[in-house]
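Undergrad: Using the supplied hints, reconstruct the complex from the two chains, each of which is provided in its own coordinate frame.
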Amino acid sequence: MSATPQSIPTDIFGKPVNPQKGDSYLTHDRGILSWLLTLDHKRIGLMYMVVILASFLLGGIFAIVLRTMLAMPGANQANHASYTDEQLAQISVNNDFYNQAFTLHGAVMVFMFIIPAIPAILGNFVLPMMLGAKDVAFPKLNLLSYYCWVGGGLFFVWVLGKGILNTIFPGMVEFWGSGGLDTGWTFYTPYSTSTGTAATAAVAGVFILGFSSILTGVNFIATIHTLRPKDMGWFQMPLFVWGLYATAIMQVLATPVLAITLMLLLAERMLGIGIFDPALGGDPVLFQHFFWFYSHPAVYIMIVPAMGIISEIMSVFSRKRIFGYAFIACSSVCIAIIAFIVWGHHMFTSGQSDLLNAIFSFLTMSVAIPSAIKIFNWLATMYKGAIVLETPMLYAMGFIWLFTIGGLTGVYLAALSIDMHVHDTYFIVAHFHYVMVGSMMFGLLAGMSYWWPKMFGKMYHEGWSKVAAILIFAGFNLTFFIQFIAGSLGMPRRYATYPPEFAIYHHISTLGSYILATGLFIVLGVWIHSLVRGRPAPANPWGANSLEWHTKSPPLHANFEKTPLATDPYDFDDWRWDENVGGYVMNENTHHEEKTAQTK
Amino acid sequence: MSTANANHAQHSEDVRQPQLAHHFDTLEQQYSSAKLGMWAFLATEILMFGGLFCAYAVYRGTHPEVFLYAHHFLNTFWGAFNTVVLLASSLTMAWGVRAAQLGNKPLLVLMLLLTLVGGCSFMVVKYIEYSDKWEHVSHHGSGSFSLFAGSRNAFYTEEGEFTDPTAVGQAVRYGESKQHHDEHAIAHTNQAGDLHDAPAKTLEHQSKHATEQGHQIVDATAAKTLDFKSVQTRPMPTDRSDIRRPAPAPQGLSEAFEHIGGIPAPYETLADAGTGHSVVTWEDLDDRQQGLVSQFFQIYFMMTGLHGLHVLIGMGLITWIMIRALRGAFGPSYYTPVDLVGLYWHLVDLIWIFLFPLLYLIH
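Order-wise, the sequence lines are chains A and B.
My numbering numbers the first residue of the first sequence as 1 and each following residue consecutively.
My numbering numbers the first residue of the second sequence as 601 and each following residue consecutively.
By construction, these hints were calculated from the structure, which means they are not laboratory data.
Where hints are given, some of them may not hold.
[Claimed, not checked] Quick list of in silico lysine-lysine cross-link-like pairs, PhoX-like style, CA-CA up to 25 angstroms: (1) A/K140 x A/K562; (2) B/K635 x A/K140; (3) B/K635 x A/K230; (4) B/K726 x B/K635.
The following block holds chain B by itself, in its conformation from the complex (with noise of 0.2 angstroms):
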């Protein structure tokens, strides 16, 4: 097997370590190659999200109004508790590859057993969420957001008119529990200050009522007859006269960079004075914006279902190197697999830290 000469003899080992492929002189070259190889891969996967986090900018520009209303649909707290999940499963993957050097073996299991508690943790979240996403974006009937129709319709009823998914679950509760309702709302009004989500857990709310009711079909007359200060926890101006409407968003990118400069702020103008904290309502998107509603929770679908894609197929890849750790398969010499993994652990992490901030923090 070895074919290396007389001046390379003295870096080969006499005796050639089972895990030293043919065409490599010394374990070292082995791992910088496979080091490098991992470097290049993950600046691959960088500049796909890359083109994807483009795409959100590049929508986000263009209907600024409509991301800032549809986010807080989104729950934070889910996404934060998400965060601080990763990155502790990012510790504890670091801190996995130290066991693997050090060929300290229970400790590399127990740290990928960890991480891969993490993941897992992760993906019951992420479950949890996309399926009260989904269950008011899909099952509001046709009056509601429609995740796969994709259309400019996808709020009309069938009357022809738009509606207001929050002000359809209003319309449920206005009959049937009005009761349960207000004391929902005084709860929320009386969290200090942050109401940030408080849209999300209203929604959260009502879609429950919504489902208890067998999906019962509103009338959307009822549902524009509703008084919106009852869904608003918190003061909206009184006099919207004041309020600068958004220019008309541009139409593409040549026309957003002509734009440069000359964009009002929506988000100035729509902040609440008392708080800093921008409300954009139902109300405040014109009749175009709020058919594009769904589209934010369809980039949201995407940019976090590829997300969570990358999340299993690092679980698979901490499972399989979990079982070869219990093998003995990794010591000081031999740790590869541990570091690439840890790698692309790391990297799986470094975007959801982008994805958090660009969907659920919004201002």
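So here's chain A without its partners, still in its complex pose (with noise of 0.2 angstroms):
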């Protein structure tokens, strides 16, 4: 689409607005307290942006970090005749570091990045201005959230970064205290009670992070009963509404086991109460069992929003209506159901019983009825549709492709046998980035991109984009499609080292990753400068008819200037393409509030 550059605000008619009426969100109040202390939910999303993309940030950069550490495996390896004490007690170091990496990686990325960004990021932004509201149903609430966040983020980082950087300057420790954590995200016991490093107050961390997930969750579930227009149903819902409800019922009923959890571990380390551990009569098979009861919930609240973003975008670039509404809305709440009767094969290796483990083997597998419904729907949409392949749409084909190699090994992985092969090896890696990072990061820069001129009221330069877009996705193919094999072939995984024949596997993956962060960078840059220099938005650039884009860009304070009857996301037919405004502007002629009156 050729960029008319204009300056004047436009309503969605395309009628210029006067500018001295121009007021938004983003101007509505000025001042850092405005922004620390304010109960717009518009707001309270971008403030969620800065903090978890920075802990994207940083967990990205521990993910370089590993694989640059794993591309030279010689720094790393203690079986060489040869090395002196002082070289020895360095390789010692460096996996003491390259420990602390990963779970840094792995923890930071999963509870601070994965499971709220979407949610957090996008719903709170949009969720409310889908449904025509002026906000979610409790802002002092959604506050809080954002501020347990903050609270519980910031000491898991800084009781995480000690230990990295006490290894890096060992003088510090004096300063202030040991800390660090070596137990890989999932905590598990009886290491996790055992370890010296700084467990319990990162297990503290987490459970502050919970909290600000269920109260996410609670808000979303009472904003989507209780917030829509009055005539809109819940099959009238535009479809990431009804992946945001999903999450947010596997959020609220998910999360406080993990509480949970954490409070037994902590006792364990703090009091020694026994339940995880062997020695006073526990089990720490337990431990996994209530973990896995969290957490794999937790990866679909990763993964289910993200497919919300992508039935939207796919619908709105195919210019055709979305296909198999139902199925697809049903999709959702049926993942989220399936996903807490599926924990168990975690524990395929941890001595389950055969019966267990072929249950858990069969309710695997059937997860793939739903995510395969949403899949072939959004085939089926694009079949015959006018694709028009801008930034978001590249992305949610890439979601496509990724997800369907992520979802496919899952099925794989779900077989017992081949389960007990590749368990714990770079396989795993492989499947659960496809699935977890790959996926859902996708949507969520396909969800940025395409509510980024909404969420600032300014257009970002889409070539670059389309750069990083396609960068990204070769990047991450090369990263991790290379682990499958290497994992198929036996590299155990969180390991610093490895024997020689894995180096290819190795080197090759590494240099995905930097393509990869090369990609993520230029997004970055995009981004920026598209605020500084982008050319201001349209209401509509997309020609999209969910309620979001029934107003200005970008919005005012109240969302709307008059509260929206319900529309029909997925019917394009009222918008029309206007080169002055650079954007799809509404035919004046079509009154959609009487049109959607007489349908009713």
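TA: What follows is the structure, given as structure tokens:
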């Protein structure tokens, strides 16, 4: 699409609006306190964006550190007979550093980026507007949830970061005390109850982060139930709302189990209560059951909102009504339900009985059904559509690719015999990176580039953002596809070093991670450029019809000038491309409110 | 403020009530939203305690004898008393919500006050129970329950031998005030049939003695030589050979699942034929189980402690709405906070209803 520079904001009919009245949520109040104490869901969404992307950067830096260390395994190898004692000591330090680095990477990425990112950033920003509401149901709770995140997150990063810093600057231990965590993000007992690193403080940090998740979930459930327009039934909601609803249910039902698990872990470390300690009559596998009862739904907490975003984008950028709306909506809820009964597949090798293994194997495979329903419906939506390859659509198509690989290898891993073989190898690493990182990150990037004009009222550079999307896709696949091969050949995960025959796989993987990082930094550059130099965004740059596009970009403080009526989010007939506005405008002869009323 | 369009205007009042937040159209919408949010939050509470109950179930399932033995040290009377108190406070809370709906301010304040009194008495009783448990858990030196040691040697004496806390108390008494004890024991035996909480009472008594004597360190050998019959206030089977020892406890969930149907029922075999009540004594526990008795108390402290924390939070909330009620904030059109705090209080009550039998009434 040609970009027509124009500086006067317009309403949805393409008519210029008076700049004096061009008040937006960004300019409504001024001053740092008006942001820090805001109850506006849009501002809270942006504040989440800053901190969550910062933790993504932190986790990403450590991903690169890990990949770089793995490209030079000699530095971590202790099997060389000619090594001096100093060299061996250095290798030991390196290995400790590696353990802490992969724990930090995993824990920060999971608890601070992947789980909260889409609901907290895009959900907060878009959900009330999609419902034509002025805010979420409990704005104060929303702010509290934000500060739970910030408090828990800062504490968590500080505790984990201290361990890293102490390894680099050993003299600083006296200054700020010991810290760090080397349990991996899963905190498995009995190691987590006996490790000398700061597992107690780290667990407390995750505990607080969990509250943020719970409060957001409660808020979204109440919002979706009670703040819909009066003429919007459940099956007139945009599919992203369905995705957020399924996510919120999982957040509310799963996270408290993590909370009590971590509390029992803390009690075991601090008070010597022996629920998980076999020496005290406890059962360490019980910890795994508890942990995965939360953490398996958490995997779907990551992916289901991303699926909602893809459903929106597929329809808008194919210029075609979504195919199989009700199936996509119900499959989200179906995934949320099945999420709670498949946790046992994480314990196939933990001494679970054969019967349980078989049951969990079967249940796990059944997740493929709702997932495949979504994939096929998206493909059917694209079929004979007028596909527009804008940046969000590139990411969405990348999502389908990555999720299909990640999902199919998931079915493969649900088969018991194969899981026994590849358990705790790079095959697993590759599988969950495809599902958790690849799919979720592509969903987030798709959503960010889709709603970016609405969030900031600025367009971004199409060319560079497409370059970034392609680089990220290529880099991601280069990094992780090769790990399937390494894993099936027996490369175990979480090791700082490996035999020489695995070197080629690690070198390729590391190269891919650099390409991936380059792409992500280009995205950052595109975004910053957009904020500084981007042309003002039209109210509706993509011709979408869900309610958030029925207001100005960026929206008003109260979202809408008047409470809108529900629209059909996948009916694009009322919008036409307007060259002068550089976006879509609504046909003036269409009074969609009347039209909606007539169809009732 | 009001930006509702013509279609919605009929639903919103001409003058917005002060309680109505800007993003809601009507008070009813705000009320249903808040109530739904509260129910969702209560679901999280139930799941959190659900995890704790699950941990309890697994631990009890793997070590039933330990729980059966150790629960005798909990005082059923105070537990039942607290149950009644909490149930009564739930009634007054519900009554208070009704008073708020009817706009009866004095009744609302009275009911909230009564609820608060209920919460206070619950916590006072909990304090009494805790300090009692604390006393003989932590004041018997190395030869008894050690609350925070949490280790295998919680029951070891310095000589490295197992001792029975009951027997330790007995040893103190044996030398110092035998007569007193005999009277005490007789008093217990005379209680008609229900001797269920006898060990707990005996122990209370003993711990008092121990305290009086300045935490006298007792020779473990002396404790072991004592005649247990004087401690047991009920007859024990004389021929122990016919008691089927419980199978070794399954060590993990997976094993537990495999043992379904195959676990011998230790309760039945150990049940006293005369009363149907089961009595597991210190002797019935093997060495490993004896070392795990303190775990029961830690689980007890964990579960009731978390619940007690919720009671305290609930009391804080009730105080808050009582102050608001005194200022006349609630009436038939707006009583959402009273309703929500009421829901929370009922949940706290409900959890106790499960905790009480699980911890105090084990058979």
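Undergrad: Take a quick look at whether B/K635 and A/K140 sit within 25 angstroms of each other, Cα to Cα.
TA: It holds: about 16 angstroms lies between the C-alpha atoms, which stays within 25 angstroms.
Undergrad: Holds or violated: B/K635 and A/K230, Cα atoms, limit 25 angstroms.
TA: Roughly 19 angstroms separates the two Cα atoms, so the pair holds.
Undergrad: With a cut-off of 25 angstroms on the C-alpha distance, tell me whether B/K726 and B/K635 pass.
TA: It is violated: about 31 angstroms lies between the C-alpha atoms, which goes past 25 angstroms.
Undergrad: Straight-line Cα separation of A/K140 and A/K562 no greater than 25 angstroms?
TA: Measuring from Cα to Cα gives roughly 23 angstroms; hence the hint holds.
The earlier numbered hint that this structure contradicts is number 4, and it is the only one.
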